[in-house]
Amino acid sequence: MAKVNLQIKTTDVNDKNQTTTISYANPNASDQVLKTFAQKIVALSTDMYRETNKIETTNLDTESSKTTATITLSSTSITKAALKTALSSKQPHTVSFTYSGDGVVYAYAKSNDISNFTAPNVSLSEGTWTLNLFNGVASNPNCYVACEIVLFAPETANYKAAQATFTITD
Amino acid sequence: MADTVTRTKTGKMSVLFVDGDTRIINVKNPRNDITASEIASLNAYMQENNVIIGDRYSGTFGKITEFKVVTKEQTKLDI
Chain A
1 MAKVNLQIKT TDVNDKNQTT TISYANPNAS DQVLKTFAQK IVALSTDMYR
51 ETNKIETTNL DTESSKTTAT ITLSSTSITK AALKTALSSK QPHTVSFTYS
101 GDGVVYAYAK SNDISNFTAP NVSLSEGTWT LNLFNGVASN PNCYVACEIV
151 LFAPETANYK AAQATFTITD
Chain B
171 MADTVTRTKT GKMSVLFVDG DTRIINVKNP RNDITASEIA SLNAYMQENN
221 VIIGDRYSGT FGKITEFKVV TKEQTKLDI
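Residue numbers (the working numbering), protein chains in the order written: chain A, 1 to 170; chain B, 171 to 249.
To be clear, the hints were calculated from the coordinates, so they are not data collected in a lab.
Every value quoted in this text rests on a predicted model; they were computed, and no experiment measured them.
The reader is advised that the hints may include incorrect statements.
[Stated by the list, open to error] Straight-line alpha carbon distances no greater than 27 Å define the calculated DSSO-like cross-link-like pairs of lysine-lysine that follow: (1) K242(B) to K198(B); (2) K40(A) to K182(B); (3) K198(B) to K80(A).
[Said to hold, decoys possible] Each pair of labels, with its calculated beta carbon distance range: (4) L73(A) to S207(B): 30 to 36 Å; (5) T174(B) to D61(A): 44 to 50 Å; (6) E243(B) to D15(A): 20 to 26 Å; (7) T245(B) to I55(A): 24 to 30 Å; (8) T94(A) to T180(B): 43 to 49 Å.
Note that beta-carbon positions come from the ideal geometry of N, C-alpha and C, so glycine has one too.
In isolation and in its complexed conformation, chain B is listed as follows (with noise of 0.2 Å):
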């Protein structure tokens, strides 16, 4: 058998909260033609409900700060 590469790629979104508190959501299987305006609709949509508060000290969500999708590359080796 031939060695076997698989890639996958996840979302990585970074997050900021009031209180200086940081979090990264992971995003399985992104789509490749996610937009801008899509994750600043998300974000408006976090700010308008504080639907997620930092782990730190409850912070109130403030924004997104970026999102970045990130390939991984795996190869298993036919020994």
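Excised from the complex, chain A in its bound form (with noise of 0.2 Å):
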């Protein structure tokens, strides 16, 4: 993977001119979405905007061998009435995924109100799994909100990273 760095230069209240490196971007990520990024941090501070450079870096030794590895979900999305309605059984609702790389898969939910499902940075064993949303919390409303689950594997000494989201609409 390339190595993607922001460098945003800025004019401060004196008119001198400053320089922000912002490492680690993602490489995936749109040039305008960068941009954006870049002025909503400058608009943290007192500096005038000027400009963003994007500078990617890539290792010709390290990038060239690695594999693509993909995670496969067996279903992508759902609704909260449709979720309420499964657990108002008690029984979880499950997704299954496969994971084609040879490193570890993380969960991760893009919402603090709901805990309940898997605590954030949670990582998950190797082969086929099971993901129970909300087992056991059928009764908490606040757990039938609109988010986003990310499950996430890191790049290895052999596979790129790996990325799939789960949706729960409204």
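Assembling the complex is the task here: the two chains are given apart, and the hints tell you how they should meet.
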């Protein structure tokens, strides 16, 4: 994976040029997303935004031999209503997924309101997994929120990073 | 000449990645009136777009865990 640094150039209140570097930007993020992010960072300061440079570095010795890994989900979304119905019988809603790499898969929920799902940064065992959504907490209305659950496998010596998203929709 | 005292302020934004990696992003010359909702909005944008990744295992961005302003005072002695 290419390493991407953002070099953000600003001018401070004394009319001096300043440069801030943010390392390890997402190589897959669009230029517009990265530029907007840089502007949002500058908006927290008293500096004036001037420009953002995207600097990519690729190590040809370590990257060229890595294989693309994939995480495949048996389903990618469910509505809150369907989830509530499924859980009304106190049975967990399961989503199976497979991972083609040789690393560890983490599950992470993009909402603090669903800590009952599984703690962020939980690593799951190798092979084929079953993700239990809100098992045993069907009576808690706070669990029925729209959110995304990200399954993520970091890159390894042999495989590139992989990611898949399961969405609970309104 | 008298001693010279300079003060610099830096915003320290602590972020967490889903693989447990952490990082601090420095914001030069932070405003005095930064609000929690601004940080929450930035956090949402970073989550939505996974703008930065962890440097250990390229972990997905998790959340901003803290934002604080650090003031550093430096005295240059007139010798």
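Could you say whether the range 20 to 26 Å given as a hint is met by the Cβ separation of E243(B) and D15(A)? Since E243(B) and D15(A) have Cβ atoms about 23 Å apart, the given range 20 to 26 Å holds.
Please test the hint of 30 to 36 Å on the beta carbon pair from L73(A) and S207(B). 33 Å, holds
Quick one, are K40(A) and K182(B) close enough, alpha carbons at most 27 Å? 15 Å, holds
Could you check the hint for me, namely that T245(B) and I55(A) are 24 to 30 Å apart, CB to CB? 36 Å, violated
Honestly, do T94(A) and T180(B) meet the 43 to 49 Å range at C-beta? With Cβ atoms ~47 Å apart, the hint holds.
Between the alpha carbons of K242(B) and K198(B), is the straight-line distance 27 Å or under? Status holds; Cα separation ~12 Å.
Holds or violated: K198(B) and K80(A), Cα atoms, limit 27 Å. 42 Å, violated
Regarding T174(B) and D61(A), is the given constraint of 44 to 50 Å on their beta-carbon distance met? At 49 Å between Cβs, range holds.
Of the hints listed earlier, those the structure fails to meet are numbers 3, 7, in rising order.
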